[in-house]
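A.B. asks: Using the sequences plus the hints, can you model the full thing?
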Amino acid sequence: MNPSVDALRATFGNAIGRAVVARDGETIVTVGRDALGEVMRWLRDSAGHCYDYLVDVTAVEYRDAERPIELVYFVRSLERRVDLRVKVDLPKEQELAVDSVVGLWAGADWLEREVYDMFGVTFRGHPDLRRILMWETYAEGYPLRKDFPLRGRFSRAEQVRQALGANPEAHYSMEELAIAEAFDELPEDMKERLRRGERGKLPFSE
Amino acid sequence: MKRVLETTEVAGQSPNWLLTRLDDLVNWARANSLWPMPFGTACCAIEFMATAASRFDFARFGMERQAFSPRQADVLICAGRLPFKLAPVIRRVYDQMPQPKWVISMGACASTGGIFDNYAMVQGIDTIVPVDVYVPGCPPRPEGLLYGVLLLHKKIKGETVLDPELRREQPLDDKGLRLPPERIDEISEPFGNSVHQFRSA
Amino acid sequence: MNKRTVELELATPGLDAQGRPVRVPLTVGGTGGGEVAGQVAVEPGSEHMLLNIGPQHPATHGVLRLVVELDGEVVVRCIPHVGYLHSGFEKLGEYRHYNQIIPLTDRTDYLSPMANNVGFALAAERLMGIAITPRCTVLRVIACEMSRVISHMVWLGTTAIDLGAFTPFLWAFQERERIYDLQEMWTGARLTTSVTRVGGMMADIPDAFVTGLRHFTETFPKTLHEIDRVLTRNAVWVGRTQNVGVLRREEAINHSLSGPMLRASGVAYDLRRDKPYLDYETYDFDVPVGEHGDVYDRYLVRLEECHQSNRILQQALARLPDGPVNVDDPRVILPSKSRAMSDMEAMIYHFKQVMEGVKAPVGEAYVGIENPKGELGTYLVSDGSAKPVRWRIRPPSFINLSSLPKMAEGHLLSDLIAINASVDIVMGEVDR
Chain A
174 MNPSVDALRA TFGNAIGRAV VARDGETIVT VGRDALGEVM RWLRDSAGHC YDYLVDVTAV
234 EYRDAERPIE LVYFVRSLER RVDLRVKVDL PKEQELAVDS VVGLWAGADW LEREVYDMFG
294 VTFRGHPDLR RILMWETYAE GYPLRKDFPL RGRFSRAEQV RQALGANPEA HYSMEELAIA
354 EAFDELPEDM KERLRRGERG KLPFSE
Chain B
35 MKRVLETTEV AGQSPNWLLT RLDDLVNWAR ANSLWPMPFG TACCAIEFMA TAASRFDFAR
95 FGMERQAFSP RQADVLICAG RLPFKLAPVI RRVYDQMPQP KWVISMGACA STGGIFDNYA
155 MVQGIDTIVP VDVYVPGCPP RPEGLLYGVL LLHKKIKGET VLDPELRREQ PLDDKGLRLP
215 PERIDEISEP FGNSVHQFRS A
Chain C
-14 MNKRTVELEL ATPGLDAQGR PVRVPLTVGG TGGGEVAGQV AVEPGSEHML LNIGPQHPAT
46 HGVLRLVVEL DGEVVVRCIP HVGYLHSGFE KLGEYRHYNQ IIPLTDRTDY LSPMANNVGF
106 ALAAERLMGI AITPRCTVLR VIACEMSRVI SHMVWLGTTA IDLGAFTPFL WAFQERERIY
166 DLQEMWTGAR LTTSVTRVGG MMADIPDAFV TGLRHFTETF PKTLHEIDRV LTRNAVWVGR
226 TQNVGVLRRE EAINHSLSGP MLRASGVAYD LRRDKPYLDY ETYDFDVPVG EHGDVYDRYL
286 VRLEECHQSN RILQQALARL PDGPVNVDDP RVILPSKSRA MSDMEAMIYH FKQVMEGVKA
346 PVGEAYVGIE NPKGELGTYL VSDGSAKPVR WRIRPPSFIN LSSLPKMAEG HLLSDLIAIN
406 ASVDIVMGEV DR
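Chains as they are written, first to last, in the working numbering: chain A, 174 to 379; chain B, 35 to 235; chain C, -14 to 417.
The reader is advised that the hints may include incorrect statements.
[Stated by the list, open to error] Straight-line Cα separation of at most 30 Å, BS3-like style, residue types lysine-lysine; simulated pairs:
{"no.": "1", "chain 1": "A", "residue 1": "Lys260", "chain 2": "C", "residue 2": "Lys322"}
{"no.": "2", "chain 1": "C", "residue 1": "Lys260", "chain 2": "C", "residue 2": "Lys344"}
{"no.": "3", "chain 1": "A", "residue 1": "Lys319", "chain 2": "A", "residue 2": "Lys260"}
{"no.": "4", "chain 1": "A", "residue 1": "Lys319", "chain 2": "C", "residue 2": "Lys337"}
{"no.": "5", "chain 1": "C", "residue 1": "Lys337", "chain 2": "C", "residue 2": "Lys322"}
{"no.": "6", "chain 1": "A", "residue 1": "Lys265", "chain 2": "A", "residue 2": "Lys319"}
{"no.": "7", "chain 1": "C", "residue 1": "Lys207", "chain 2": "C", "residue 2": "Lys344"}
{"no.": "8", "chain 1": "A", "residue 1": "Lys319", "chain 2": "C", "residue 2": "Lys260"}
{"no.": "9", "chain 1": "C", "residue 1": "Lys337", "chain 2": "A", "residue 2": "Lys260"}
{"no.": "10", "chain 1": "C", "residue 1": "Lys344", "chain 2": "C", "residue 2": "Lys322"}
{"no.": "11", "chain 1": "C", "residue 1": "Lys344", "chain 2": "A", "residue 2": "Lys265"}
Source of the hints: derived by calculation from the structure; they are not laboratory data. For clarity, every value in this text was computed on a predicted model and none was experimentally measured.
C.D. replies: So this is what it looks like as structure tokens:
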């Protein structure tokens, strides 16, 4: 068991849930979602722990529909050569949102965007939370959720039609468009959507 | 008793010795100088690069200059899998190519979707662009791609300048599709034994 | 043949003790590294130009789309768009048995397929608690180092082409063909090898493999020296890669970079040394670490890694032990065909493995290996069935690429191409 766990319990008390050692020998500690930001900052900055390297951010949804979605953060201390896995449970009845850790580790930028794209988990405070692997106006849902079928929800012809209709040039983000003053040349519905502040809002949302 | 025969009227000149010689000349020129537009996406693109490298070298078949601008290309070689996000891109690149143009679908994923029968993958680029030669393999060996190119040469040599249908542009229809939706669904269906063996999705 | 002396005008004041060009900080002129970038003021809607590069482009190393904001030739901002090769690997993995996922791993990083196979097999075996045989361990080291060589050869060839040098591409690809011959001899496929299985390998190496690989290791350094001679002290190469795309040590760590990108920035972290797997701690090799974190350092690091891989391959060949290649567990490894056809018990094991798959116990495991691109991690979560609940690939290229906007600020457009090439991305892994 990683000694950081005891130090975490001493510092954060009830916000730290169960801690187990996984089959590969790494320690997994569960953290309450509200304390996540402080816990991560403490892990990165406090002396003797110094988890300065974020290895990965991902999410797991189990086949058992009752279990919450787990957000998994893999952090590593490079000099001490020690790993720690931090999990956050996100029950499906509540809003799937946590604070972003981009301010702590810049590498979390695209990793959190991918979790948003694939699972629909929102990261508060992320500078640019839009879909990264699917196109921004992808309307079928969040692909890695267990209720999303392997072949998607629409028929193949409909998927082809939507894909061909997704104009690549209409997917410049607001900041990109501000560069070239191309806002006036966008189609009307796109301007309306951007004006309302919608970024890839799904007609079909969980 | 009457027999009704459906005939199509052939417009223009009937083929004669001069026109067949002209056909031969034009087809010989086109076939032996096919400049490929390598629309390389995934693993097949690496085998494409290996075919272009010194061991297999398709420059000896006339494909010396890889035209990365579609405006200067003859044959679009889609080497690799095509996800839905990339679909409008290949359609746009295909539309930008001037006639005469052909399409080689290299690999299993470009031909049928390959092992990726899921939400993200186009199940064969022929749902989006018309394809002339399909090269199977995952990835096809460079010799396989060369065989596909030679098949395309054979196809080109069988063409004629008299038939305008061959060189007609085939844009998307008003619904934004190339084929009717039922046809797309039909050719995208999972098929074969292996899909149903484990009763998985 | 007469020898001639040629005077080369290098854009540097001279050579240092190792015979390498001395670095000179680039003067301000719209170019330069991080110091200049902060001074570029951006006004939206000014005379800056929006340029779209890709997704179909010869120099983006795959289907990557870069939207760059240009002030003349200077890149003010660069916004990469990925996802154009998203194939739904992780979703597919949830519907496949563990051994059925191995062919999928070939297609993520298709430049070094054997290393991907090994990474996944190690994670699955860690999850299931299987210990592989000594012969299998050494064979997997051979597979990983062969993959490192071919991946770095692609990187070298394509980066050289992007920067204008066509010949190293042909030399590098010829070396790749020799490794492809060996891979084909072993697995039957040049590129999509699927060489590992959970608990062992798909097959043992054939007899000619050892002599073929030994011959390769003897002649490979000569090609590396040729490429080195053409590029390393070439004025054009040095001018285009030095002080370009600098990423400092702290930034590299904060951006979660891994592999040669991290080491070129001065962080001496290599998973083969620091979290050893497959007995790597028993091999004698060096880990090249750069200093300046620019494109030139990444080139030197990768070139030296090829030399070190050659060393490891020679040692692995020398120590290859005899013995079985697969673990002797009939629940995990398919019995031989003759036994499956004649022995009832073997037939039942065969049936169970093929129809139901090998079940993993409840739990999870993460194994990161030193892929040529960086740390390739495989995170498997199991609920006790034969198909994983979650198969997560920790993609080194994806994370390395997210540092591109930071590296590209303030550089010229042609430098952007060099920086993009130096990240060594493979879009199959970036997009999965």
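A.B. asks: Each hint should be assessed against the structure and marked as holding or not.
C.D. replies: Now for the hints, and whether the structure bears them out:
| no. | hint | result |
| --- | --- | --- |
| 1 | Lys260/A / Lys322/C | violated, 45 Å |
| 2 | Lys260/C / Lys344/C | holds, 27 Å |
| 3 | Lys319/A / Lys260/A | holds, 19 Å |
| 4 | Lys319/A / Lys337/C | holds, 26 Å |
| 5 | Lys337/C / Lys322/C | holds, 15 Å |
| 6 | Lys265/A / Lys319/A | holds, 12 Å |
| 7 | Lys207/C / Lys344/C | violated, 48 Å |
| 8 | Lys319/A / Lys260/C | violated, 33 Å |
| 9 | Lys337/C / Lys260/A | violated, 35 Å |
| 10 | Lys344/C / Lys322/C | holds, 22 Å |
| 11 | Lys344/C / Lys265/A | holds, 28 Å |
Of the numbered hints listed earlier, those contradicted by the structure are 1, 7, 8, 9.
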